[in-house]
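*Asks:* Residue numbers (my numbering), protein chains in the order written: chain A, 1 to 129; chain G, 1001 to 1348.
Relax, there's no trap hidden among the hints.
Below 27 angstroms or equal to it, Euclidean Cα-Cα: the simulated DSS-like pairs (lysine-lysine) are: (1) Lys-116/A - Lys-1087/G; (2) Lys-1320/G - Lys-105/A; (3) Lys-1087/G - Lys-1339/G; (4) Lys-1070/G - Lys-20/A.
Hints are computed from structural coordinates only; laboratory data are not their basis.
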Amino acid sequence: MPSPRYRREMPQRYRLEAGKCKGCGKIFFPPRLICNKCSSQNFEKVTLPENGKIITFTIIRVAPQQFEAEVPYAIAIVELENGVRITTQVVDCDPEKLEIGNSVKLVFRKVQAEGKTGIILYGYKAVLV
Amino acid sequence: MVGIIGYGSYIPKFRIKAEQIAHQWGKDAIAIKRGLMLQEKSVPGLDEDTITISVAAAKNALKRCNINPKEIGALYIGSESHPYAVKPSGTVVGEALGIVPDFHTADFEFACKAGSEGMFVAQALVKAGEMKYAMAIGADTSQGAPADALEFSASAGGSAFIFGKENILAELLFTHSYTTDTPDFWRREGAFYPHHGGRFTGEPAYFKHVQGAAKAILEKSGYSPSDFTYAVFHMPNGKFPLTVGKKLGFTNEQMEPGWVVNLMGNTYSGSSPTALSATLDVAKPDDLIFMVSFGSGAGSDAFIFKATDKIIGVQDKAEKVREMLADNPIYLDYGQYAKFREKIIMNE
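In isolation and in its complexed conformation, chain G is listed as follows (with noise of 0.2 angstroms):
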């Protein structure tokens, strides 16, 4: 039996709404905050960054278990905004918890879904008794282009999990993956912004990775929607994972607690792991959580956990996602937004 025995995630203190931008480009920010389902998102400080927000978020994870991180035997962090081109993240995220030297690391990219690659790659270790503990991370600082529809949703944030075989929070049942080429979304070496496909992001890309990943899991598992408590899925948008769950089969009521995208916005390697680390904070004993990411490119990762009775003991342990959504965001306008995203080109 392999799970989650520790999780935990970040997000920046600062936000910036949807009016802001619309009003920044001309847009209409009603008919943006409608289409979108955009309220505003989080924006990184000018001293944070992927590897911040990694350790932020590992650290909360380590509250929520009792080990010694030296025993953590893989460190995999997942961000398509790695600060360094050469040289890992998890070298300085490893540095900063302590678990270095004895460990492997490695920096994973895979647009939105690095963070559940990591995740992937890391139960497998466990599960197959090559390491006691190993920890994934998804975190990102996302950038969209200026005046670009990703602009309003393009966020920084995190979350962190250890898995291990022991003291479960959460149980893994059944992991599926589902990849193809998909020309979506991409970013060539040395390109500031990401391009992507319009209209193409959606049906051959987000819709049909995240169906068939779930369509996938659900026939080897032999669930149906109905017997999950929670369920989450990537959140590009508001929209994309509320109507992806809809065609899947799941309601409303069992995809809120993880829909944090309205006040967050999409943290890319983080998204879907911040849904499922905000669902774990109100999740009980023998609840079923299902999980689809999805990273353009394109493919999705597929999860399916139960919840066990040592969840209920560590909720409290570290600030919970919600409540860091509460916890008195600092509101900038365009022009500071400008400058924490360093979109403004000053002497050097």
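The shape of chain A in the complex, shown without the other chains (with noise of 0.2 angstroms):
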């Protein structure tokens, strides 16, 4: 990922920033200029719930390059708490032994490092709770 937009999605990879549409309420994460549901224009930034479960999730084998160190690795969509829904990467425990229902929360990682002299970047992942 190019550092610049790296250094633009920050608020939502460090700190879970969402935009709440202020026509109808509906959340969205990354947030978005224009809702899709109603058409406003108008959201107030909300912080994420840390907290969510496991809808479903695959395991990665054969990875890019830069995650080959970590396979086998499993990739989930989580829903929060307040029912928004992300992809995220399950760490710190056994794909194998991952269940569709698992409790998670969302923790702060690194992702990836642009080499080894590269920026480092940093954003969510989710462990077992």
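Take the two lone chains, each set in its own frame, and fit them into one complex as the hints suggest.
*Replies:* This is the structure:
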């Protein structure tokens, strides 16, 4: 990921900041400019809850080069307590033992690095609770 | 009056047992476990570093106090394993916690006492009235050279403390710092592993400085070891803190709650801060807590805290240190450990 985009996305990647439509109340993560439900352009900043549950998941066994050391690892769709669904890696676990419905919480972790000398990119991942 | 208004720790989920390391290098596990008094140590995950550990510990500290992170005026992170040589860990941690942009931050380095250095400065700024709150974090993902004695102890973890003047959980009564030029342990710029002076690390380094700081703060405060409910010391291994505590007149009962090194290892800048955190987890109002850190190079920071009646309500608001240690750790073999600690040379 290029550094400018990483910098721009820090509020959602670091602090789970989402956009809540002032017109209809729908929450968007990541935030967007126009509500796809009521077309409103008025949003307020809300912070997503850290806890949720696994809706579904897959296990990655053949990974992109920068994630090869982590295989096998799980990527899940997690539904947070307010109903917002996000896609995230589930770490600190044996992926073979994961189950749909597992309770998880989001934590702050390294996601990838731009090589040995580039910037380190951080963001959210899920761990079992 | 200034003191701790929030505290929290984080210890990674992964562990390696002393037997695994001893087996790898043909060493006698029983003798090492007896000599160093270490059973296992924490290992950072592939996606963990000083910054992620600091964020996790700080979030636990924030859970124990009801403050707006924007009111934190300073954030100091002490570590010998900052992910960047140039770019402060505090910038990332401050952004992740929502403290940015109106705050002062700096990364501290003083071997194993960088965390207590941060505490020393943070409390002073609050005491001086420069800011409402200041946070100090001691965290590390320390490395010991393969087959070196340090490989049995160098581990990962950290603790965070927020200082303020209201809703204090543990009042800070006295401080003292004791420092000399002592070349007991060092890592030159660009070197991957540290060097240490073998037996030189004991008497002229650890024991001299811990005892120097301890005796000075006892004299300054007028307290004697028997006045304290608890005592915590830097834990490079299991044996040193118990030995220095005994020399100073403290009992094993006073040190037991904070003596987590046998299961956690030496978390370097996070060592004595995590011992303090584990002690605060069980402290009761009016308990006096004695703390002395140690950092090679060398120096010690000493603190005397007194728990207040506010401590009772907050201990259960975040995971406690011993709960983290017992929470289904994932054990690694030496090969996995070598991969996790990036000891294996890979093709780019």
